[in-house]
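Using the sequences and the hints, build the whole thing.
These protein sequence lines map, in sequence, to chains P and E. Quick note: the first sequence, position 112, residue 718 per the numbering used here, numbers continuous. Quick note: the second sequence, position 386, residue 399 per the numbering used here, numbers continuous.
I should point out that these hints are in silico values taken from the structure, not numbers from a laboratory. Warning: the hint list may mix true and false statements.
Pairs of lysine-lysine residues, derived as DSS-like cross-links and limited to a Cα-Cα distance of at most 30 Å, are as follows [said to hold, decoys possible]:
no., chain 1, residue 1, chain 2, residue 2
1, P, K791, E, K132
2, E, K259, E, K37
3, E, K128, P, K739
4, E, K128, P, K775
5, E, K307, E, K470
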Amino acid sequence: MQKDLNFITKQILKKIIMNEDLLLSWLKSDSAYLRVRAARLLAQDIDQTKLSDISIAYQSEHVPWVKMALKKTLDIYENTSTSDEEKKELETIEPDDLKEYLEAAKSEAFNESIGLMLHELEPAIGALRVQAKEDIPGFENSGTNEELERIDELLEVFSSWRRLERIPKIEEANLTTIVIDLAEKYVEPNISAQFIGDSDCLVRTDKTILDIALTNAVRNSVEALNQSKSSQNPTITFTYGTNDSSFWVSVADNGPGLSSEVGRLIKSRVTTKPGHHGLGLALVSRAVNALGGKFTLENRKAGGAEFYLEAPDGDTQ
Amino acid sequence: MKVLHVEDDPEWAERVVASRLRDKQIEVDVVSSVEDAKQALSNEGFDYVLLDLSIPSSDSVSSPDIGHGIELCTYIREEYPGIPILVLTGQSTEEAAEEREDQETLEIFWSGELKKLLKIRQKRKTDEAIDLVISAAADLNNLENIEITASDCGLDNIEKRILRVFAKYRNANSVDVRKIQGGLTSSSTYRIKLLDLNQQTIISALAKIGSWEKVNQDQKNIPETQRLAIGSTPQLICSCFAGCGKYKGLFLQLAENQQQSYFDALKRSDDDSCTIVSNLKDILVSWHVQREAKSQTIREIRQALCPDEKLGPGLTIEDLTEFEEKRVTTWNSTTHGDLHGLNVLVDDDMKPVLIDFGNISQLPSCIDAITLELSPYFHPYLEDDFELSDNIVDAWLETDRWIEVSPNPKTTRELRSWIGECKHGNREYLAVTYAYLINQLRYDSKNHESALKLVRKIIEVFE
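Okay, here's the thing in structure tokens:
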């Protein structure tokens, strides 16, 4: 079975027209699957004029298996004396690679399904909200509104997921502005927000992706604080700063903390498969991965939970 | 208010959005492709656009794509910059659209507040989108409460809307409008006064209203005017164009006593117009003094004022070829470019304020004085009072003779001395006068024949 699949994949790959521009555009595709295919096809037909494009793609790649494929291709380009035998070896798809193909294809399919689903759900929920507002007296304070807001949050998570597929765009961002914006948006009036960090903390990263990772952390804290009405002076503390080549952000609350099970499970580099630890966490993990960083979510000794993220300042190298 | 709703699923648009807007007396047209949207916009005026990004380019061919929505968004921004757009997207937030929203600047909205004319709402928040449209419609209706007093101005609805948006911005209750000029070109200039509830003046302003391009040209040139002496050009207050399609209004501050123009003074008193010319020379010297010598053909000078395709009837390029091939040396500098008498407003002390900056450009410096001297014979405002008689045509090119026969000898002397300071030589004077006259021959004028005579005389005299 494995062998058949291997054979079929190879046939498909060979059938793809070796259109150079097409391959170069695949390198920039939002689909990890296409990027990995481009990397491999480019390795089969060496053309040194494409070296810089491959190199750029390698620099900005964040999906590990795609990065690996690009690295292989780059090695071949930089070492032009590659023997025919080595080339031949590359053409064979190893079972490991095949697994990656399937992983990438699955991720791509998942992503596409999310897109379709959002496209259908958004107007339906929009219509429902409009109708509910008319039908329910005092809609703003109704349970229906609350439930609709939960659905909104879910949709937001799905749409964030889609955004993570694209190649990160590194640009200057101000950590102070980012955390203050987040607090303004998500921290409710009954909770106080504290900020500890330089007032002008400039870093280079993908702001959208960082937002996705931190939004989740803030929301978790808000939820935890709201659930346990017992906390005195519910507070979320944002601490942030930079090291030599990286930056870090911590979002800590004084709520009841994580249940021990969750606390143990959620360490950095967990699988990015959706559904495993809840979509929200999978999303955070994916986002942090895309930034080339790592995160922890742990209980604090003083009580409450802390989300800590560290990522490279500048290129994700 | 009239809304265009562009939506891939028209049934949804009708059921969820349009029906509710119509309940509030808002007109809604629903179309479902880029092509239909462009058609609708060109057929009739819309005040507001609701836009789904995932739309087909035309109903019959392509499938829906965000790219088409972004394309339409760009198109509307370029063709109808004043129309507010509310993007209603089903793809959650799209970065391309967000970037666009980020780039938008704050403009004066119908409520008088500063707002972005492009907003994004997700379809799941359709209720917020509907509320936004309803509140915009209310703002637009409220604008109508501002009274406009305008005698003989023939203001159209868009012009009235632009004036009302400005009035709303400055919290005025009514607007008093008087036309300064307009009609010949695609823009008009008004002197306006904003009044509060007690009929007290809030501000006097100059309003330039016209096509987006025309008014933008003026606005772009404002920094140039800041090189001139303070007080010699009016200060920019703001521009207004929300909901005005292709049109825009530019508002500049005027002093209450800047009520008359150079033309008014010229008709009334040679002393006054002479003072104005002398003051103008002092103001414009800041531009004219930074000059550089340029050798160019007469054709190039004429084309700068009147491009080939705009040559008046009966004038063909062949007629002019031989003469226009001659070269002259000119002193080029920044110039006003259209310094006729209505573009010079004056206060009681004959202190001039220049207006209309749409033609500011690098031209032979003497063009400003030449335009001022010839404009009474060609501008509709004074045409009946100033006739370019044979007597004048004969004398025009000889300064001393012309001063003798001029109805305003002091002003004439001052103008000719100004021209003398600006020009590189007499050939430049002749070439620029020629170019000015050729440009005037585009328009109907009772001095048309005499202008042609003067042109022939210039060609004769030119050595």
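Structure-based check of each hint:
no.: 1; hint: P/K791 <-> E/K132; verdict: holds (18 Å)
no.: 2; hint: E/K259 <-> E/K37; verdict: holds (27 Å)
no.: 3; hint: E/K128 <-> P/K739; verdict: holds (26 Å)
no.: 4; hint: E/K128 <-> P/K775; verdict: holds (29 Å)
no.: 5; hint: E/K307 <-> E/K470; verdict: holds (25 Å)
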